[in-house]
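Participant: Make one complex out of these two single chains by using the hints.
Residue numbers (the numbering used here), protein chains in the order written: chain A, 1 to 144; chain B, 1 to 338.
Read the hints as simulated data drawn from the structure, not as lab findings.
Glycine included, every Cβ here is placed at the ideal spot set by N, Cα and C.
Just to be clear, a hint being listed does not mean it is correct.
Some, not all, of what chain A presents toward chain B, calculated at C-beta under 10 Å [said to hold, decoys possible]: (1) GLU29; (2) THR58; (3) GLU60; (4) PRO64; (5) ARG76; (6) CYS128.
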Amino acid sequence: MKDFGHRKLILNSEEDTRKLGHEIAEALEPGDVVALIGDLGTGKTALTKYIAEGLGITGEINSPTFTIVKEYRSGRLPLYHFDVYRLGSGEELLDIGAEEMLEGNGVCVIEWADIVADVLPDDAFAVCLEYGENEGERIAEILE
Amino acid sequence: MKDGRFLTLGIETSCDETAASVVADGRFVMSNVISSQIDIHTAYGGVVPEIASRKHLERVNDVIGKALSDADVTAKDIDLIGVTYGPGLVGALLIGVAAAKAMAYACDIPLVGVNHMHGHIAANYLEHHELEPPFMALIVSGGHTEIVNVPAYNQCEKLGGTRDDAAGEAFDKIARVIGLGYPGGPKIDRAAKEGDPESIAFKRVYLEPGSLDFSFSGLKTQALNYLNQERQAGREIRVNDVAASFQEAVVEVIADKAVAAAGKYGQKQIVMAGGVASNTRLRALMEEKAGAKGITVLKPSPILCTDNGAMIASAAYYAYKTGEEPTLELDAVPGLEF
Chain A
1 MKDFGHRKLI LNSEEDTRKL GHEIAEALEP GDVVALIGDL GTGKTALTKY
51 IAEGLGITGE INSPTFTIVK EYRSGRLPLY HFDVYRLGSG EELLDIGAEE
101 MLEGNGVCVI EWADIVADVL PDDAFAVCLE YGENEGERIA EILE
Chain B
1 MKDGRFLTLG IETSCDETAA SVVADGRFVM SNVISSQIDI HTAYGGVVPE
51 IASRKHLERV NDVIGKALSD ADVTAKDIDL IGVTYGPGLV GALLIGVAAA
101 KAMAYACDIP LVGVNHMHGH IAANYLEHHE LEPPFMALIV SGGHTEIVNV
151 PAYNQCEKLG GTRDDAAGEA FDKIARVIGL GYPGGPKIDR AAKEGDPESI
201 AFKRVYLEPG SLDFSFSGLK TQALNYLNQE RQAGREIRVN DVAASFQEAV
251 VEVIADKAVA AAGKYGQKQI VMAGGVASNT RLRALMEEKA GAKGITVLKP
301 SPILCTDNGA MIASAAYYAY KTGEEPTLEL DAVPGLEF
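For reference, chain B alone in the conformation it holds in the complex (with noise of 0.2 Å):
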């Protein structure tokens, strides 16, 4: 406590980014500490676990550290700590896992796992501070793509998901493919701004009526088809029309599939969350989508849609104050679902 206010660390390490957060009464960034391995994945093309989870161990400490100095706060004042515990790479979960039992047990402060895709969710608590459940989370990151119905605090009903390639990872994929490198997400994005994203009529792949999980391995596989045919016939490729026409048939399912989810369960609101959720073409058609039919959309700003430790406080502090146990006892679950 400080100045009233209960206070959260959130330490999350699941993938690329370690990173640590002190969050005030669950909705508001007092510090938000982010340690980027990107730069270090980009010349392998991808996150490499055993690199990641060095780093991790690495930074860990003065990513904590530096967290609270920022808050301008010490251990003492901190009321809770929460920690990303799946799903994620082992190696990278366990550092933040072993951290935060650690910082726990030596300054006797309750601690809670969080699943780090409640923390997505929760993100929007921090950005809209009067934000309440209920509502539709879309959820589009490397990982993952999914839909899911928030009716409460720290309650998630998963209605649909990917069922090959995630949204981010076919991005990954595609922009490795035609030379645009890694992260595959935001170079797409700014490829496709100078693309005409109708030159290529990539099929729209929207499964058996009603259904809200995705798939984008045909789609991908559509693509390397397109260029392979392109190349065969000698003709150059248009790399920022390739990223258009992609990123339209990407999207367009996304935005389709969760606008037809918060009509199906009357929420009038969907909050977007995941690295995914920064992408300029799906934000303003998700706008324009939902509006149609007057729902709002609600996005974090970029900062809050990568992975991050504030979200992790968020979510942590909603867990804690609806009544999730804390516990010492905590082991990382790679494959930790909703």
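This is chain A alone, in the form it adopts within the complex (with noise of 0.2 Å):
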């Protein structure tokens, strides 16, 4: 991953959201992984979707909560966007052979990151998210 620094943005539209989705994209190499973390309704699927886009990616991007895992191969990199809202453990992400992904020549994105966090590697670009004052507004905190 590209250096992207210690930042902390308030989100206030989905232009907001779009830009630093595709911000990330752009500074995203093979083998990164991303973890987002944040409670429900904070815009996680929302930013995967927008770094997809980034990365070139054509067509749908939604949950993936149902199989825990979509992959994505028409971009700049194979996208392998995960959802382990379900899971209970990080060697439960192991179980469904996400080793591979992890280790691959892609990129992953993981919603709700901190449930396995104990299986994601030191160097994951973290993004978490909260609810912001007003209706609408989110807060993005990028920690490296």
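Facilitator: Here it is, written out as structure tokens:
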């Protein structure tokens, strides 16, 4: 991952989320893991959509909650979009064969990454999302 | 073949259910065995992939054996095996696919892979023996919310789907937040019957004019905001009213779009499929809105709405009869599209 720096942003609109998603996408390199952390409704899937868009992926990106992971290959890099909401631990993530994806040449974006933090690489790029003070506002904190 | 009837064994292990069934002539259910893991998953608030896969492995042979004995047939009588090869959880799908391949090879029976979503649509052939394409299909479940045009057997043209959460997923998440538990769909349905659907004005999300896609993520956020506000104001959450209002906002949009799709393609019948097709409010609203336009709505009974082997057998039968080549090279495809 190219240098991004520690930042705290206020996202006031879909456009702000898109901008952040595209910026993250540009910085991504093969093997990167993006860990998204935040409650229900804070915009994890939305941010993933825009990361995907930034990678040049075409077609619908929707919630992978049902199958845990969906794979997209139409962009600059392969994208593995995880939603581990229903998992109990990192071990369960490895049980479904995620190791290959985590260590592969694509990029992994993981929603609810705090649940599986124990098996994620130390250099994962973490984005924490939370509700802002006003309705529709979200705060994104980027930890590196 | 038995008594001149073509027998298909259907095997389904894509998610919660280990299921197998014998179906005669693609239409008549001779047995339908479903071993559910819902009880196990309830403790975790959802499907746990590793547990799902291990339980499928423990149960699949018994379930197949029971499907044969319930139908009073043996493997020798089976003319075709159909198995779900996607979409679903990879570990779960692999168990069904491996069991089906082993049996097909050992007993020299042709095998075809079935798209789980085609199976849901085919559930209607089992319920409504006169039903033939063309028709419009509405598939609503934990993982899917899709409108599909079906011009002929085994042909599916997807016209719209969810851009974020599936309808059943939205129900699961909100049910969890308001303390109703898993599985969310039936719990919301039940609670909603005691609540007022107009008590909270959740905004309906129709997207661009003419779009047949869905988006439930914003609705989920609306509900979360509402719950937060109420809690912060120290007001008691009326769970039944939240369930009823939320459910209404979901099913109204689904019904409107399904009816619009049928109108646009000149279809006179809509078939419903998938777990959320059991939702009583959605069923009633579909009848009302489609009925007003002279469109018939067909729904499978709840047992055929859940994941089951019979629907897979029926879809396999029509795939085979319309020329699909049997194969032993089948692989699980978790992200299989229509």
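Participant: For every hint, state whether the structure bears it out.
Facilitator: We went through each hint and held it up to the structure:
Look at GLU29/A: its Cβ only gets to about 24 Å from chain B, farther than 10 Å, so that hint breaks. Because the smallest distance between the Cβ of THR58/A and any Cβ of chain B comes to about 13 Å, over 10 Å, the interface hint for this residue is violated. Checking GLU60/A against chain B by beta carbon gives a least distance of about 6 Å; that is within 10 Å, so the hint holds. For PRO64/A, the suggested interface contact is upheld, since its CB lies about 9 Å from the closest CB of chain B, less than 10 Å.
Nearest Cβ of chain B to the Cβ of ARG76/A: about 19 Å, over the 10 Å cut. The hint is violated. Because the closest C-beta pair between CYS128/A and chain B is about 17 Å apart, greater than 10 Å, the hint is violated.
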